[in-house]
Amino acid sequence: MTGPALEPDVTLSATAPVLEVRDLSVEFRTPHGTVNAVNGVSFALDRGETLAILGESGSGKSVTAQAVMDLIDSPPGFVTGGEILFHGQDLLANRHLHHQVRGQSITMIFQDALSALNPVFTVGWQIGEQLRVHRGMSRRDARARVIELMELVKIPYAAARVDDYPHEFSGGMRQRVMIAMALALDPEVLIADEPTTALDVTVQAQVMALLEDLQRDLGMSLILITHDLGVVTDMAHRVSVMYAGRVVEEGDVYSVFKNPAHPYTEGLMSSMPKATHGDQKLVPITGAPPSLANIPSGCPFHPRCPYMRPDTCVNEHPPLREVVAGRRSACHFAEEVFS
Amino acid sequence: MTGEPLLKVDGLVKEFPLGRRLLGVGEIGAVKAVDGVSFELARGETLGIVGESGCGKSTVAKTLVRLEEPTAGTATFEGEDIFAMSPKRLRKLRREIQIIFQDPYGSLNPRMTVGDIVTEAWDIHRDTVPRRERKKRAGELLERVGLDASMMNRYPHQFSGGQRQRIGIARALTLRPKIIVCDEPVSALDVSVQAQVMNLLEEIQDDFGLSYIFIAHDLSVVRHISDRVGVMYLGRIVEIGDEKAIYDEATHPYTQALLSAAPNPDPDEAAAAKANRIVLEGDVPNPADPPSGCNFRTRCWKADEKCAEEDPALIDRFGHGHPAACHYAEVRHPVA
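Residue numbers (my numbering), protein chains in the order written: chain E, 1 to 339; chain S, 1 to 336.
Since the hints were derived computationally from the structure, they do not count as laboratory data. One thing to keep in mind: the hints can contain errors.
Heads up, simulated DSS-like pairs for lysine-lysine below, C-alpha to C-alpha not over 25 Å straight-line [as the list claims (entries may be wrong)]: (1) Lys-8/S to Lys-32/S; (2) Lys-274/E to Lys-8/S; (3) Lys-92/S to Lys-178/S; (4) Lys-154/E to Lys-302/S; (5) Lys-92/S to Lys-154/E; (6) Lys-244/S to Lys-281/E.
Computed from the model, here is a short list of chain S residues facing chain E with C-beta under 10 Å [to be verified]: (7) Val-13; (8) Tyr-247; (9) Glu-249; (10) Leu-259; (11) Ala-262; (12) Gly-282.
The structure presented is a predicted model; accordingly, all values stated were derived computationally and were not measured. Heads up, the beta-carbon is just placed ideally off N, CA and C, and yes, glycines get one too.
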């Protein structure tokens, strides 16, 4: 893999994680008040690893990804704190580097492939645009590489379909076009924001299998943003569970889902019906997720939490701390939940 | 479930015209969104209908409450064909069969208060609840679905998605129906709220003696709530049977692929489920131009010449105990 043509004075660490986010905060200043979308999120991503960021709507998972990609419209959005380290270099402190890295070394695919593609250009032209601009390829060379990329993401009859327009593709094929576009410049990190949510389950299985094959073959790191617990167990090595703009639990997927250390994760597991068991009792989480314009005091989960103790949880914000090796939870009573 | 079915649907067909000729004279072709669907619903039963987008499951829901006019077929409810009813008779039927929708935002009038939304049906069906009792009864219904009676004067935008779905459920209950058609009632909700609404649907089913036709694309949700399940593909039911028969002993290749494709969140089951996954090739064919013979043959690993020529009927060929529309139906146990 060839990395991006970075400026010579920037030294990238070989030992640091590929991407590390530290204490990131993002807010949106609206006429109706400030929305605290991300409140001190931290995670690290190693080479070749798949990290799932799991959360319900309004948990801040997509805004976190948008901050990494510098896609937040400002105003109203402001990154108010934290660091985004790419091989140890803080991208928030070096805007020029940030813009070199995003789109080349860190790329992103979205849930809605139809609106992410331009309807008036052929898919071949859109995939090839980056090759012509960033790699200085001729149209002819770019076209040849585009066909290779379309074959890589298993679009049938790639050579014949390169001149088709987005509306001529099915939902699953459009998502493959998006993936081909994201892979064009050999990224080190691919961020997939709900990549299969809009797809039917049989097509979702195809796209998940493709992403896994590509990750293994190309050695990429993958950040998978999703609300679907099944997609997390299926694809990810580690998971960060988000709630009200914070990471509330983190660890390897098997042990987090097997034995949660945060009441929210536990509640999600007991809310999920399973296709493999008919007569299971659902134990939902009471109430609804909070508005990010009005996050509860102390622990943001306390109004819905069965472990809640009034004085501690209402007043003190629990930090994300290690419960056992490799497992972190932001709950005052994590040990009680875990045991 | 014994005795006469509460509802019997036979040979339901719904075609949508593809387009009209200039000046609106005559139609150019048609898409068969629903192509000969038959099923029965017993008293107190929940029949789940599961399938991917475009399979016709929502069109079935809409024709049953005559929001869409069927092209052919009958639906017998208490000895009378719903599809042949006069407008006057149909109005009476609305008391018996109600519907709740997927979109809790689009299905409530934003300019009506919750109280007006819930009591509206009583203004139309005036003989059901006396005027002076309406407010009290609406309050009771709101309390029953987990809302506060004092919220009666609020507007839909002041509620969360889960609360709005509760309002939709309260509205469906006002005329004491026998059947509620639930069209993707929890798909727009977050996981933590989805379970609340599913539990509520199960509680009121017992309290009000309801039968449900529960339509969804989520296999886990459908299994959880259903007694029997029909699987739809390209306008047809390809397999139907008891919840256990469909999920544990599916015989149609499409059902098997669908079940194996759904990611399993259970950490102990996920790896085995994934290793045995059937990943189907390609997409669902265009319903305006369906394949000859068996609809599913273009994606099926068992397909041969017979499948291209002969449309398989929905019958129990090999004594599996439930019907499947496949020439080569055989049991495949899911890995778990």
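Quick check: which numbered hints come out false for this structure? Of the numbered hints, 2, 5, 7 and 9 do not hold.
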